[in-house]
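From first to last, the protein sequence lines are chains W and C. Just so we're aligned: 189 in the numbering used here is position 189 of the first sequence, and the numbers increase by one with no gaps anywhere. Just so we're aligned: 1067 in the numbering used here is position 67 of the second sequence, and the numbers increase by one with no gaps anywhere.
Keep in mind the hints are simulated off the structure, nothing from the lab. Mixed in with the good hints, there may be bad ones.
Distance condition first, Cα-Cα at most 27 angstroms in a straight line; then the derived DSSO-like pairs of lysine-lysine [said to hold, decoys possible]:
#, chain 1, residue 1, chain 2, residue 2
1, C, Lys-1100, W, Lys-23
2, W, Lys-100, W, Lys-122
3, C, Lys-1016, W, Lys-23
4, W, Lys-23, C, Lys-1122
5, W, Lys-100, C, Lys-1023
6, C, Lys-1100, W, Lys-16
7, C, Lys-1134, W, Lys-23
Derived contacts from chain W toward chain C, CB cut-off under 7 angstroms, selection only [as the list claims (entries may be wrong)]:
#, residue
8, Leu-10
9, Glu-13
10, Ala-15
The beta carbon of each residue, even a glycine, is placed where N, CA and C say it ideally should be.
2 protein chains.
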Amino acid sequence: MTTPEPISRLIEEFAKLPGIGPKSAARLTFYLLRSGNAAENLADALTDMRQRIIFCTTCFNITEQNPCAICANPNREHSCICVVEEPLDVLAIERTGGFKGVYHVLGGALNPLEGVMAEDLKISELLVRLRGGKVEEVILATNPNLEGDATAMYLQRQIHSLSIRTTRLARGLPMGGDLEYADEVTLTRAFEGRREM
Amino acid sequence: MTTPEPISRLIEEFAKLPGIGPKSAARLTFYLLRSGNAAENLADALTDMRQRIIFCTTCFNITEQNPCAICANPNREHSCICVVEEPLDVLAIERTGGFKGVYHVLGGALNPLEGVMAEDLKISELLVRLRGGKVEEVILATNPNLEGDATAMYLQRQIHSLSIRTTRLARGLPMGGDLEYADEVTLTRAFEGRREM
Chain W
1 MTTPEPISRL IEEFAKLPGI GPKSAARLTF YLLRSGNAAE NLADALTDMR
51 QRIIFCTTCF NITEQNPCAI CANPNREHSC ICVVEEPLDV LAIERTGGFK
101 GVYHVLGGAL NPLEGVMAED LKISELLVRL RGGKVEEVIL ATNPNLEGDA
151 TAMYLQRQIH SLSIRTTRLA RGLPMGGDLE YADEVTLTRA FEGRREM
Chain C
1001 MTTPEPISRL IEEFAKLPGI GPKSAARLTF YLLRSGNAAE NLADALTDMR
1051 QRIIFCTTCF NITEQNPCAI CANPNREHSC ICVVEEPLDV LAIERTGGFK
1101 GVYHVLGGAL NPLEGVMAED LKISELLVRL RGGKVEEVIL ATNPNLEGDA
1151 TAMYLQRQIH SLSIRTTRLA RGLPMGGDLE YADEVTLTRA FEGRREM
């Protein structure tokens, strides 16, 4: 006996997802086989997401209407754009409740090794927004890793000629962290960025 | 901004699956959002599986036709039934190519702590098959763990009165294993089950 085709097909589809290997994919498939309507619910949720979620044509964040709720909100500071890699980053920043500006979602970070070049990201769209002339500050909030830093450097060079204030999120020790377990780079950055009390 | 409802719904559905926490669920969802038709393919595969896969009413293994290919095969030894917990176990045994009998899939193992009792498994269906009078051997191939052993003990007691030969898979050192890393129970079982060379 071999695995029935619908089973092996579902295992294959699961195994394509990030962080799911062939064993986990098989486990998920056989779990769904036994678990009432979980498979239907998941299939419905997938279809629903694909049908209802679009990208805002201004900031490229995910939304159900275009423009998105943030871009359409007159109470946000449209003169301050926070540039992030992913929609999840917007959610994280919104959770702080402290940022009143608007966003620009690049859709990733520069990664030449994996074939992600400047034209694969929403960089030209960002520059169009900046050339509109109403933006006073760009906050580069790409991830604090190699790709994120490279993307921020690249953007900073592009924005430089427009003479718009360009900032980058602070580096330092994370809250609740333990100094003795901090890595060298974090600790070095924390020293570089030290402030008067 | 809060997460759009279709997104949070898909995150919730993913998070219900075994081994997927809320963070992985969000990562999978945002991956599918960006990845062409992977979401459609997954939704199709799920629907397809639910529509085409049924359980064999003889052995309760998964199949596309009833009875399944193994139960319907006249070349298999229908006098020897191998009892396993899950359809995945059937696949593993079939891969060895060495077993010529038929199967009975219990659909799990006894686990009173998680509320899995004898009536939740296909045990009465197994006893009906055994009382048919044509079975000469039952191989109890439940998992070599606490729940699997308890299930095998329970079955053995039920089958005892039918005076059918009842066996259990051998315990011992796994192939390719390293004696010094074997746990105590495995090593004890390997000594108990030692054979003349």
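Item to check | In rising order, the numbers of the hints this structure does not comply with | outcome: Hints 6, 7, 10 contradicted; others consistent.
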